[in-house]
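Heads up: the protein sequence lines correspond to chains W and V, in order.
Those letters in the first sequence? Residues 1 to 246, by this note's numbering.
Those letters in the second sequence? Residues 1001 to 1266, by this note's numbering.
Simulated from the structure, these hints should not be mistaken for laboratory data.
Ideal placement from N, C-alpha and C gives every residue a C-beta, glycine not left out.
Careful: at least some of the hints might be erroneous.
[Claimed, not checked] Computed footprint of chain W on chain V; a stretch qualifies when at least three of its residues, placed anywhere within it, have a C-beta under 8 Å from a C-beta of chain W: (1) 1106-1116; (2) 1228-1239.
[Unchecked claim] Calculated from the model, a selection of chain V residues having no Cβ within reach of chain W, i.e. all distances over 12 Å: (3) Lys1011; (4) Lys1017; (5) Leu1018; (6) Leu1025; (7) Gln1058; (8) Lys1064; (9) Val1079; (10) Val1087; (11) Pro1092; (12) Cys1126; (13) Gly1130; (14) Leu1143; (15) Tyr1169; (16) Val1171; (17) Gly1174.
Residue-level listing of the chains:
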Amino acid sequence: MNQELPERLIDESMRRVDGRKPDELRPIKIEVGVLSNADGSAYIEQGRNKILAAVYGPKEVHPRHLSLPDRALLRCRYHMAPFSVEERKSPAPSRREIELSKVIREALEPAIFLERYPRTAIDIFIEILQADGGTRCAGITVASLALADAGIPMRDLVVACAAGKVDGTIVLDLNDVEDKLGEADLPVAVMPSLNAVTLLQMDGLLTLEEFEQAINLAIDGCKRIYKLQKEALKAKYLAIKEEVEE
Amino acid sequence: MTFSLSVSRIKQRQIAKLIADGKRLDGRGLTDYREIKVEKGVIERAEGSARVYLGRTQVLVGVKIGIGEPFSDRPNEGVLTVNSELVPLASPEFEAGPPGEESIELARVVDRGIRESGAIDLEKLCIIPGKKVFIVFVDIYVLNHDGNLIDASAMAALAALLNTKLFNYEVVDGEVKIKPGFTKLPIRNYPIAITSAEIGGKLVVDPWLEEEEVMNSRITLIFEKDGRICAIQKGGGGTLTKDQIIEAAHIFQKKAEELRKLVVES
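Just chain W, same shape as in the assembly (with noise of 0.2 Å):
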């Protein structure tokens, strides 16, 4: 059951444990349209995570009393699959699913013209079908695909990656045994045509320094994913306009 650990996560030629760069990203693959009864869908691989996101709405809200009188009520559940992890996990929704559903729901709420959809619910559904690190920001990358997807009005499409510290050394899209063993750990979250930072959280320790080279490393990974999700986008569109031309 217990992976084997590394001793090192860094070697001698600066590959890391899975033979990347500090730099580099996980392979992604990304998309869009996945589901037929949601409104919206997308779908990622970013190394092994494999996860769904849905949209739903904007739809009546239920119970009532919470729709808002000046805009639309924007819900959001990040779940993880029992057999997502090495262990199983209980499907009932942990503390830290909890807090990564608020803080999701925080990155995602900046790019969505919700005023224009007062007294109705915009529901979000993220599905961890298989985890290994970097969860929340895969996450929000395909999140944000399934509301575009859903015709949702955007301001931006919101894109997020994580930096981190590992051997002394700051690196780009941490994966599972990395994170865990690692020395810190920075999801960031951006709207890269706005210059928008809309989820930042970290544990870990980094000096002041090394943050700032954190963050900016973690920019420069979401603006490399955002090149990937608006591909998606096209080729699920261009695919349709093709179809219809013929």
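For chain W, the structure is supplied; the task is to place chain V on it using the hints.
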């Protein structure tokens, strides 16, 4: 501007307008804290306790010590658990019932500061490796909510831990027997949380309730004793710029130093 039921539009505008000029409704500067008072040892039944007043915000933290099993991946370490209760008597907005996301976030941020700074020497809390360890229960009890619960709770938690005693024990045939007398809980770091609200493009330190109602977002940095950051949490559905964050980190680092003195020496 955010929609708020409890702060009128006119007051919201007033708060934002003053902040744009570098002033605040209660007369503080943008980086000033409200008056802070720390009282240690206020609950005799608890192994450690402290009450912190941050202006009109009041937080009580009680620490109870138990004996239990360690986590299987850390057989030689004691266990820390942090919980928070937003007690209904503290605010008309709080309701009884299972903890909501605000309460869970509060507890988890305070927990992160203590854990990541290594504030408690958990290895010294091991009694029988893999079998029996001390468990440190930190319970945050918010008594009056007038904003900035994170900083008040983090200070109260640290003050309570500094005040916590462990009972003496001996191991007889694999059983833990409690002996008379106490030792101090081994504390080796002092994490201090500094929170700001972003209002109209400016950051104001230690927001009170009405500023929290108006803010776009909130950012907390927790610093350990050598000035390194040990935890960060952004909150609220607004945005910040990278430059704002980096500038804040430098200002907050100095603030943390001031507050730490106050909590440790109280």
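Reported absence of V/Val1087 from the contact zone with chain W (all CB gaps over 12 Å): Given that every Cβ of chain W is farther than 12 Å from that of V/Val1087, nearest at about 18 Å, it holds.
Interface-negative label, V/Gly1130 against chain W, beta-carbon threshold 12 Å: 15 Å, holds
Verdict on V/Gln1058 as a residue remote from chain W, using beta-carbon distances over 12 Å: 24 Å, holds
Non-interface claim for V/Leu1025, where every Cβ of chain W lies beyond 12 Å: At roughly 24 Å from the nearest Cβ of chain W, V/Leu1025 sits farther out than 12 Å, so the non-interface label holds.
Claimed clearance of chain W by V/Leu1018, with the beta carbon kept past 12 Å: 24 Å, holds
V/Val1171 and chain W, when compared Cβ to Cβ, separated by more than 12 Å: Nearest chain W Cβ is 29 Å from V/Val1171, so the label holds.
Check of the region 1228-1239 of chain V against chain W for coverage (Cβ-Cβ below 8 Å, three residues minimum): Holds, because 12 residues of the region 1228-1239 of chain V bring their Cβ atoms closer than 8 Å to Cβ atoms of chain W.
Non-interface label on V/Gly1174, tested against every C-beta of chain W at 12 Å: Correct as stated: the minimum Cβ-Cβ distance to chain W is 26 Å, above 12 Å.
V/Cys1126 non-interfacial with respect to chain W [C-beta, more than 12 Å]: 21 Å, holds
Within 8 Å of chain W (C-beta), three or more residues of the region 1106-1116 of chain V: holds (count 5)
Distance rule for V/Lys1017, whose beta carbon must clear each one in chain W by more than 12 Å: 21 Å, holds
Outside-interface status for V/Leu1143 - nearest CB in chain W farther than 12 Å: Holds, since 22 Å exceeds 12 Å.
Hint compliance for this structure: no hint is broken.
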